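Spelled out from the first residue to the last, the chains are:
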Amino acid sequence: MSAVERARDEMDGSPGGLEQVYLVHRPALLRFLRARGAGDDAEDLLQEMWIKASAGASGPIRDPVPYLYRAANNLMLDRRRATQRQARRDADWSGAEPGIEPADDRPDAEQSALARDELEAAQEALAQLGDRTDTIFRRFRLKGDSQREIASDLGISLSAVEKHLQKAYRALVDLRRRLDAG
Amino acid sequence: MLKSQRQMEDEAIGWVIRLRDGDAEAWEAFTIWLEADPAHLAAYESAALVDADAEALPPAAPAPAWQPAPAVANPRHSGPRRAFLGWGIAASLALFAGWYGIAGSGSAYSIETGAGEHRTIALEDGTRIELNGGTRVMLDRDRPRFAELEHGEALFRVVHDEARPFEVEAGGALLRDLGTVFNVVASDRMLDVAVSEGAVLFDPDGERKNLSPGMALIKAKGAPALVSKVDNDAVGAWRQGRLVYSGAPVSRIATDLSRNLGITVTAAADAGARPFSGVIMLDGGDEEVLSRAAALLGLTADRSGDGWILKMSTGAGS
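Top line first, the protein sequences correspond to chains Y and A.
According to the numbering used here, the stretch in the first sequence is residues 56 to 237, in order.
According to the numbering used here, the stretch in the second sequence is residues 274 to 591, in order.
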């Protein structure tokens, strides 16, 4: 049995198990962070990711490997988001609603008329794709239903579900480009 | 052969979809895809940011503007447009909810306030929970439409979803929202629910009491639930620094004062059961509030250790 398999079999769930999984997958996660644009900061970011991921895991984790990848991926996304937010803040200052914090204890929730307009535009773009695509996308993205669940509920194939999702994301990506251009 | 920009974007979108529930192999394959072409990273980041932004959308499509709002008993938010704006505000808060929320580890977590502290929590679906002092709620990333009020007091402003009702566990009972703003007080001995908008179904699998606006329910441990009336403005009045009562026992008021002021307030044994109707204002210093409250209650407030005790006025004989 490989070390990886042993880590999966024996250690899943327990907090100590997460550390085992982390140590085993460290090189792969580091490689991922580099590919994901971390560059020379990859080591530091991996460390940062691990501190957050281990602190965030108060209970057993079902799939520890994807959990760590997602944590690393979201860290990169957050960094990107922070840069973007800073750029936006510099462009137009808009006050956040005071005193409201997101559930996960995040600082500075930020909202603006701009975000509201964009949200409305996104709703419109999805509506134009038709009810079915709109519903499938929201179930998948917002209610967290799996593609498999959606397929069996609607009596359609998995690949049909994926096509609907691809279509919905495509519309949103195109919308984003139009918004950024205008 | 050079891939077209569009083709690359489609691949990036495919990764966003696949990685939402991807296993280790999917992440390894994604790494290889990123390494294959430096341009892949930018394509993926655009798609991933779009995906993150989508967090702000409501889980169900809004009703078209020319149609009446869905039949939800919620007279104060009757227009779809208004409902949508509400979503926009609340949801854009969730947009930056950060990466634990996105990571969805499946673990429960708690949010706690110290006595005298107020906090407002925005959930990803736009639901807001306003916590009074001395309160602890458990949330679960795997169950976004569920909260457990372990103890204390909270006002729930639930974004209603017909298909997925929001449920609150408190005082050993279950509350199911039917489109709602409601206040809950829970301890290990009692549960108090008051509804100001929409409706709440108390104990869906047992007593099944449907609470509409202006109704309150009080349940002591081991006793059947009692339904009474409540002034709409009184629901969650603590947020405006007021405590509003209609026939509440002094022991309950003492608990409320402790939670709101951040000091220990108890009721003397012989005073605890006295009923009180009226409003206690929370502005001013602790001593000021307590002497004012005591006067209203026809009691006196004395220092007792680190805190205060509400007791019968000696010598007054009343």
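If you are wondering where the hints come from, they were derived from the structure by calculation, not from laboratory data.
Every value quoted in this text rests on a predicted model; they were computed, and no experiment measured them.
Each residue gets a CB set at the ideal place from its N, CA and C atoms; glycine is no exception.
Where hints are given, some of them may not hold.
One-sided and incomplete, this derived list gives chain Y residues near chain A with beta-carbon spacing under 10 Å [what the hints assert, rightly or not]:
id, residue
1, E74
2, L78
3, R81
4, F87
5, A90
6, I106
7, Y124
8, R125
9, A127
10, R136
11, A223
12, R231
Below, computed lysine to any residue pairings styled on SDA-like, alpha-carbon distance capped at 20 Å [claimed, not checked]:
id, chain 1, residue 1, chain 2, residue 2
13, Y, K222, A, R392
14, Y, K218, Y, A236
15, Y, K218, A, M281
FRET-style restraints, in silico, Cβ to Cβ [said to hold, decoys possible]:
id, chain 1, residue 1, chain 2, residue 2, range
16, Y, R140, A, M411, 53 to 59 Å
17, A, G535, Y, A137, 31 to 37 Å
18, A, G558, Y, L78, 43 to 49 Å
19, A, Q278, Y, G237, 29 to 35 Å
20, A, A309, Y, R233, 40 to 46 Å
21, Y, L209, A, A309, 33 to 39 Å
Outcome of the hint check:
no. : hint                        : in the structure
1   : E74                         : 15 Å, violated
2   : L78                         : 15 Å, violated
3   : R81                         : 13 Å, violated
4   : F87                         : 5 Å, holds
5   : A90                         : 4 Å, holds
6   : I106                        : 13 Å, violated
7   : Y124                        : 4 Å, holds
8   : R125                        : 5 Å, holds
9   : A127                        : 9 Å, holds
10  : R136                        : 7 Å, holds
11  : A223                        : 9 Å, holds
12  : R231                        : 5 Å, holds
13  : Y:K222 x A:R392             : 40 Å, violated
14  : Y:K218 x Y:A236             : 27 Å, violated
15  : Y:K218 x A:M281             : 16 Å, holds
16  : Y:R140 x A:M411: 53 to 59 Å : 30 Å, violated
17  : A:G535 x Y:A137: 31 to 37 Å : 35 Å, holds
18  : A:G558 x Y:L78: 43 to 49 Å  : 55 Å, violated
19  : A:Q278 x Y:G237: 29 to 35 Å : 19 Å, violated
20  : A:A309 x Y:R233: 40 to 46 Å : 29 Å, violated
21  : Y:L209 x A:A309: 33 to 39 Å : 34 Å, holds
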